Amino acid sequence: MRKTECLAMILAGGQGSRLGALTKKIAKPAVPFGGKYRIIDFPLSNCANSGIGKVGVLTQYKPLELHNYLGTGSAWDLDRKGGGVFILPPYAREKGADWYRGTADAIYQNLNFIDLTDPEYVLILSGDHIYTMDYSWMLESHKMNKADATIGVFEVPWEEAPRFGIMNTDETGRIEEFEEKPPKPRSNLASMGIYIFTKSVLKKYLEDDAKNETSSHDFGKDIIPKMLADGLHLHSYAFDGYWKDVGTIESLWQANMDLIQEEPPFELHGDWRIYSSNPSMPPQYVGPEAKVHKSMISEGSMILGEVTNSVVFSGVRIGKGAKVMNSVILPDTVIGENAVVDYSIIAQNCEVEAGASVTGELGAIKVIAEGETVQADAKDKQVG
Amino acid sequence: MRKTECLAMILAGGQGSRLGALTKKIAKPAVPFGGKYRIIDFPLSNCANSGIGKVGVLTQYKPLELHNYLGTGSAWDLDRKGGGVFILPPYAREKGADWYRGTADAIYQNLNFIDLTDPEYVLILSGDHIYTMDYSWMLESHKMNKADATIGVFEVPWEEAPRFGIMNTDETGRIEEFEEKPPKPRSNLASMGIYIFTKSVLKKYLEDDAKNETSSHDFGKDIIPKMLADGLHLHSYAFDGYWKDVGTIESLWQANMDLIQEEPPFELHGDWRIYSSNPSMPPQYVGPEAKVHKSMISEGSMILGEVTNSVVFSGVRIGKGAKVMNSVILPDTVIGENAVVDYSIIAQNCEVEAGASVTGELGAIKVIAEGETVQADAKDKQVG
Amino acid sequence: MKTVMGLINLNEDNSLIRNLADRRAVESIPFAGRYRLIDFALSSMVNSGILNVGIMLPDEERSVLDHLRSGKDWDLARRHDGLYYLPSAKVEKEARQGDLKNFYFNLDFIEHSAQKYVLLTSGSFIYNMDFNTVLRFHQNTGADITMVYHTSQVEGTGKNVVLETAENGLVEDISEKPAIYDGSKTCMAIYLMEKNVFVDLVRSAYEHGGQDFLLDGIIRKADEYTMYACEHDGYVAHVDSEQAYYKANMDILHPDIWEELFMGQHSVYTKVLDGVPVQYKENADVKNSLIANGCIIQGEVENSILFRGVKVGKGVKIRNSIIMQKCDVRDGALIENVICDKNVLITKDKWLKGAPNYPLIVAKNMVI
Amino acid sequence: MKTVMGLINLNEDNSLIRNLADRRAVESIPFAGRYRLIDFALSSMVNSGILNVGIMLPDEERSVLDHLRSGKDWDLARRHDGLYYLPSAKVEKEARQGDLKNFYFNLDFIEHSAQKYVLLTSGSFIYNMDFNTVLRFHQNTGADITMVYHTSQVEGTGKNVVLETAENGLVEDISEKPAIYDGSKTCMAIYLMEKNVFVDLVRSAYEHGGQDFLLDGIIRKADEYTMYACEHDGYVAHVDSEQAYYKANMDILHPDIWEELFMGQHSVYTKVLDGVPVQYKENADVKNSLIANGCIIQGEVENSILFRGVKVGKGVKIRNSIIMQKCDVRDGALIENVICDKNVLITKDKWLKGAPNYPLIVAKNMVI
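Protein chains in written order, with the working numbering: chain A, 11 to 394; chain B, 11 to 394; chain C, 664 to 1031; chain D, 664 to 1031.
Treat the hints as calculated values from the structure; they're not laboratory data. Being a predicted model, the structure only gives us computed values, none of them experimental. Please note that a few of the clues may not be correct.
[Claimed, not checked] Taking beta-carbon pairs under 8 Å as the criterion, some of the chain A residues facing chain C (in silico):
hint : residue
1    : E272
2    : N288
3    : Q294
4    : A300
5    : V302
6    : S305
7    : E309
8    : M312
[As the list claims (entries may be wrong)] Quick list of in silico lysine-lysine cross-link-like pairs, DSS-like style, CA-CA up to 25 Å:
hint : chain 1 : residue 1 : chain 2 : residue 2
9    : C       : K665      : B       : K209
10   : B       : K301      : D       : K1027
11   : C       : K665      : B       : K13
12   : C       : K944      : A       : K254
13   : B       : K304      : D       : K980
14   : D       : K1013     : D       : K950
15   : C       : K665      : A       : K304
16   : D       : K779      : C       : K779
17   : D       : K779      : C       : K989
18   : C       : K1011     : C       : K910
19   : C       : K1011     : A       : K304
20   : B       : K301      : D       : K980
21   : D       : K1011     : D       : K1027
22   : D       : K950      : B       : K333
23   : A       : K236      : A       : K153
24   : A       : K221      : A       : K236
25   : D       : K944      : B       : K304
[To be verified] Computed list of chain D residues with no C-beta within reach of chain C, every gap over 12 Å:
hint : residue
26   : N682
27   : L798
28   : E827
29   : K910
30   : R982
31   : W1014
Beta carbons: idealized from backbone N, C-alpha and C, even for Gly.
All chains should be built: construct the whole structure from the sequences, respecting the hints.
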């Protein structure tokens, strides 16, 4: 088999506590998105489509549930000889187990995985962004520039720049300075949290960083500034498609709503396929009295009521007379007859009983946690 | 997909310190055996051939190296939808990471993996035994007897019985008493460390055992005696083929030698295939001056010297005039011209230089650790 | 079921379904929005735990190879056992017609398989069943050959094999009839027997000049073997004509049949295409229809089945129709009682209308 | 190489190798102890990073389907791309001979693939090469079509395509010759071009009555396209006759050729059988031979190749022979200059002897 040229490592570590009830039973990367996907489908599909066949997924929480979802990686065509998807939780070692203390530490703790694979380059990705990107072009640019590290950047509106890590570059794109959340930004190129490192450089800096007691072990805060200070060649790689952080309930809801615009800012129908584990369900059935507008609905659903401005996952039942508006209904949930759901995210395997209602509002999306039942007379059972 | 009826859990936990230099870089289950296999190929192939498609491998050490070896499980035909091989190291949880404190604790710590799979029965296997067995018959017997647990037993010579865990059974095979290493055994049926439990029973006993501060968390010492004391139905299942514990250097060497007897006690050529990860190497080349007798040699080797009474793995080079006797040569090792190897196990990627010699003796097999070089004039560099 | 090998016989007579089976095997005709006919027999085998399946390829093998490929989507891309393609006997320079020669020239494979039983099915029946029931029935009756039938609830014409059985299932008569009546025990072309019985049957029937497995193997030899039949009481359709095809598709619009076939314990597998969920736009108006992923809908759809990746433009009306994969129905078109094969383009404002009992069929890749 | 699709043309003329190609394609003849001829082209493609490979099936497709199956052993059982079987055009009721019609009736598949380039190879050449070199050469020269040749070091007969090129590789002449000389630039039937060039070439050649890709597509059109040729300087053999087959097998007994073909950076993949390591018993005496896993040896073997699962009894002498899979040579037999096809049983004390330049060939499944 060919040697792995570029190994991808997806940082899917956070507990996802900002996603509240949605991450009670599953790790953040496994949170459903867009009618049939999970968040991690995006970086995994990007890897597969970019020709990167070996991917490590670093997660602290619920690694087995994630492993169960990813299986052999065949859904993403990653079940290759010498490739595959590897779940990398912090595991017990000779000297005991450590939590990942930061993004850099997570990679550091898995240096032996990187060494086993022995790639020339390491691509580091974040597990909570929705976007499609061909990493092979970024790798090409990294090689052409003979860079030590290449950082994916993204033009943000000037007024939002102070919320991001901002790269100041020269006219060739070489990074001269990195400012974390600058009050007065000199550029609007924000870091996307996508890095390609030449492996030998990465290894040295991670090892040095691990010895540094005062470091917060973070790529943005520690590793990148240190490399710049040492005069290494760091290059930017500009990306200009749709890119969205879905780390909060509101942003996750908004990203779902983005998909059902008349002209979505983000095209799923193109050649760049997003793969996902397939539930083997039949085409959806839309009943004689159903009304469906401005929505996205997946396989195996039975829609007998009204759905407007919503995203409905596979295996969902929406009863007669029910109204679902401005909401996201995750797989296998049942919305009973005449129930009303508005500005809400209803997680998997829930039941909103006949006549019940779940209503949030813009800026305060209601969330029903996995497996809950919402009764008609007990709105107070809902969890925020 | 069909629900998993029986989930297998392989206890591959020990550091394998009794295998000394052979487990320096790899976990015990990955130690090579029999010319092309690894120890874990035997329980994995038994599972695949018995129709058990989902297997957890519990290991404390070097889980990634093992994961790399097992890949997607396709070599054992275990890369199935809803199945597969899952490496289960003790990983960090909400309340920190624990080492597996005993065989029962290892399973206890992975109860959530068992719950995710939700099998009716759990088959618990040991990772350091060489044997072929159809577990589906044992499962059939477990179901027919409506047993709570079924334990694989094996008739040992009476004089050896005091070294084993001994089952005293009634005439139907029901276990009445379990004695760990009895000085005066009343039966010669020894436990093979193969258990089938009805899942609900297992879960209850593991949970109780975990709460017991005085328990050593071992199946043989704690769980089984407790079940017997509670009057549960424990049945024995007798096995009468070849069965060998390869937990020590001497027993590993002996099990290799067993394969090259004129009539091996253990037949690898039958219908019960032992699968192994395949190195994609050509047929071995045996040179014009080679002499090979009473030996087993695998693909990709080039034999120019003499090999007698030995097991030679894939990709090995044996130079002109070299003599290899009563030895086991692991993959990709080079034995230089006119070198002599006798009563030794030479690990992977070693080089015994031209003219060097490595000689052990019966009962004191020499072991050369992975990647070492043995020079002609420095016999003292060898490690025991 | 690891003791049973599956064989799917792709040899359905295409004379009554020619417009849909032009350059494809009957068994690879698209069905119910995302499947091919063969998916039903194959998925039932996989779900029953059968690990070794031989596909008796028809002469028109291209469509079958292209659909099943490695067998991976049915979990049959295995190192040992899994999916095997058994080519038809055409290269054996054999002039005889019928399917028997295909079995005869593949006996090798069947004899060398590790399983004790052979389960032979057709690839043109729609059902979702657990063959373990059939195996248990077979073992309990001690039959040489076990067949599966369903009880017809409607009258119909077409070639049908009808059984008469004793109360315990013993087959007393088996014959091909030109018509069936309400209550007929209609054979589903599912046969279970020990491998050696199968091999003997095929060898003896072929070597005595037989051509057809059913006629020369089963019916002619009904006296030589003890045959039992067990009933399958779920939904069954046999797609052997264009009318039967249209009717079976429309059946799926009954939510109870949709539930039974697809949403029970056992899924029906098919080639995975990774389509996007259906996008309903502002003016979409869909009633009593089956819509597959990848569709984008801006118009009206009623009593119809839309396969994967169909585009429905603004102002379009589609009624009582079956629109296959990747068809593109442009703004203002009206379509009623039509079957559009794959990849048809209906340009702006075109009208197409068939009769309810005689749907208009538009061939693959046409531009209207 | 993800921009390149592979096509392997299984259409080798079997007239000079008929005894080994009876009921099997030339490309599925067993070779070098555990391989089939096709493994070499296919493994080179996989190792070069080609992810989408079409197999142009011959009429005798059974042996090919049975060897490659899902493509899993070559890592080609993929959800997207991977291994595709392209049936030969026989069912198209096309009377023309030659391979061109097979390309023509599969142009669909080729046009719809996502890759920019087509790499077409034969399945009957033995080599282990990295096609990335060819792609770089193609891109650097700006050729329409790039071919690969090797420089013959021996004289020989048989159909050979010989090139004359300028120093920079520009093809100045290309012709089929009845004999080659030391130093001839012999075409390896490897062609790289952009997909649209391939499609145009095939379409135009076929629609103007052509039959053979090489003669009617390449040679006749040598003036219309800019063709370049690059040299492969590793080991090459073309197995187009029984003599060539025997010689190529014996070549593998040179340790340097064995090393180069099999033990370099890139492996050669084949169907995995999970055989046991070779068992050498008390009286085994093996010299200058290639022995595959699964063999059990109790006798003498010299200058020979033993395929997987061969049993050599006591007192047996095997010299200068090729013994294929699962042959069983019983005690006391003597075998010299023989090619035993699969599964032959040589009973006790039998003697079989061919001439060094005319090996005796024993057909599959024979009992001697």
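Open item on the list: Let me make sure I understand: some of the numbered hints might not hold for this structure. Which ones are they, in numerical order?
Closed with: Going through the list in order, the structure violates hints 10, 15, 16 and 18 and respects the others.
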